[in-house]
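There are 2 protein chains.
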Amino acid sequence: MAQPSVKLTYFDGKGRAELARLLFTYGGLPFVDERVPHADFPTLKPTLPLGQLPVLEVDGTVYAQSTAIARYAAKLAGLCPSDPVEALKADMFSCTLSDLEGPFVDIMFKTKDETEKAEKIKTFVEETVPKSFGALEKLVQGKFILGDKLSFADLQFFDVVENKLKWGIPTFSMGAFPKLAAVVANVKAEPKIAAYLSKQ
Amino acid sequence: MAQPSVKLTYFDGKGRAELARLLFTYGGLPFVDERVPHADFPTLKPTLPLGQLPVLEVDGTVYAQSTAIARYAAKLAGLCPSDPVEALKADMFSCTLSDLEGPFVDIMFKTKDETEKAEKIKTFVEETVPKSFGALEKLVQGKFILGDKLSFADLQFFDVVENKLKWGIPTFSMGAFPKLAAVVANVKAEPKIAAYLSKQ
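As you go down the protein sequences, you meet chains R and V in turn.
If you're matching positions, the first sequence starts at 1 in this note's numbering and goes up one per residue.
If you're matching positions, the second sequence starts at 1001 in this note's numbering and goes up one per residue.
By construction, these hints were calculated from the structure, which means they are not laboratory data.
Even for Gly, the Cβ is constructed at its ideal location relative to N, Cα and C.
You can take every hint at face value.
When the alpha-carbon atoms are kept at most 27 Å apart in a straight line, the in silico DSSO-like pairs for lysine-lysine are as follows:
(1) V:K1045 - R:K122
(2) V:K1179 - R:K45
(3) R:K138 - V:K1007
(4) R:K45 - V:K1122
(5) R:K110 - V:K1120
(6) V:K1131 - R:K7
(7) V:K1117 - R:K110
(8) R:K138 - V:K1075
(9) R:K117 - V:K1120
(10) R:K7 - V:K1138
(11) R:K122 - V:K1110
(12) R:K179 - V:K1045
(13) V:K1110 - R:K117
(14) R:K120 - V:K1110
(15) V:K1075 - R:K75
(16) R:K117 - V:K1117
(17) V:K1045 - R:K131
(18) R:K75 - V:K1149
(19) R:K112 - V:K1110
(20) R:K112 - V:K1120
(21) V:K1131 - R:K110
(22) V:K1112 - R:K110
(23) R:K138 - V:K1045
(24) V:K1192 - V:K1179
(25) R:K120 - V:K1112
(26) R:K110 - V:K1110
(27) V:K1112 - R:K112
Derived coverage of chain V by chain R (criterion: at least 3 residues anywhere in the stretch with Cβ under 8 Å from a Cβ of chain R; other residues may be distant):
(28) 1048-1058
(29) 1069-1079
(30) 1093-1104
If you want a taste of the chain V side facing chain R, the calculated C-beta under 7 Å gives, among others:
(31) Y1063
(32) V1085
(33) L1088
Generate coordinates for the entire structure from the input sequences, incorporating the hints supplied.
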């Protein structure tokens, strides 16, 4: 199969595009990493399939939805388990992380009042995240979520912790979740990921 | 591969389990369709991986997250496109439908004040849904979303329209989206789906 010509378009930040960047990078798949200034977005918006970024252009056709784009990148990178039950485990993990996105975006980008924001962060850090992470900690089967073999869920977990939780809530700690903390460290130590991170 | 022993557990309703039921049914995959009375949930909750229903037991191990369960069912039913770009199209469609879930659940199950509820329904039906469906309408490639071949995204679309939107908002109409309306009708006419629906 010929290598597709791929261009990922997003703002100049990590946000909803970094997971796809990590997956393409891990897979050694060349892609154009187009960064759009926020000021250009109003002009761009009407041309986008869903009026949103990121979008991915594959051989000239433009697709939207960050999760769909990440799945495509994961498939090309060989990070989607072929066994249906292994894929179910990875997907269960992935969906649980996605469930944290709503409250996180609400706190970070929609809650303007500082007192209200502090209260929401407290609930998120002391209740919401521990509830999910406590369950996920029990599912980790080894060096990575599925054991020895890296999957897209490991890179998604790394992205959620390093680029979202620790970015938005600098006091956030993984101390209570040693297996999950090890997954993050193991992803970070993967040579292609380490090389990518060292350039940032 | 031996047929896995599968049990789907949910409340006695469609909700977050019906898509998996439709996918297993379409795939001709036998599964135990366990329905739990609401009164039994408090006892069951602490035993569930994430404290939530639905769960799927596969050969004795219990997995959670409705989207992960539906993907597993879709894989077994042969409804996940093997071509990465076709899968990207189906996933883009699927993610756009999932984005409607948050506001829909908020309106139906969290908004108690009737005036507020009516206002939210108005915005949802007149703005939110048309924005998504207008974009999705342009993506439909034939009898089904991807053309001639049924995929999980078609069954998901059917479930969202028939079991969620039309159930929650009886006045909801697909009139403005003829291609999407045809997808719903074509799913309904699939012999295995038609047989399943006739028994309800």
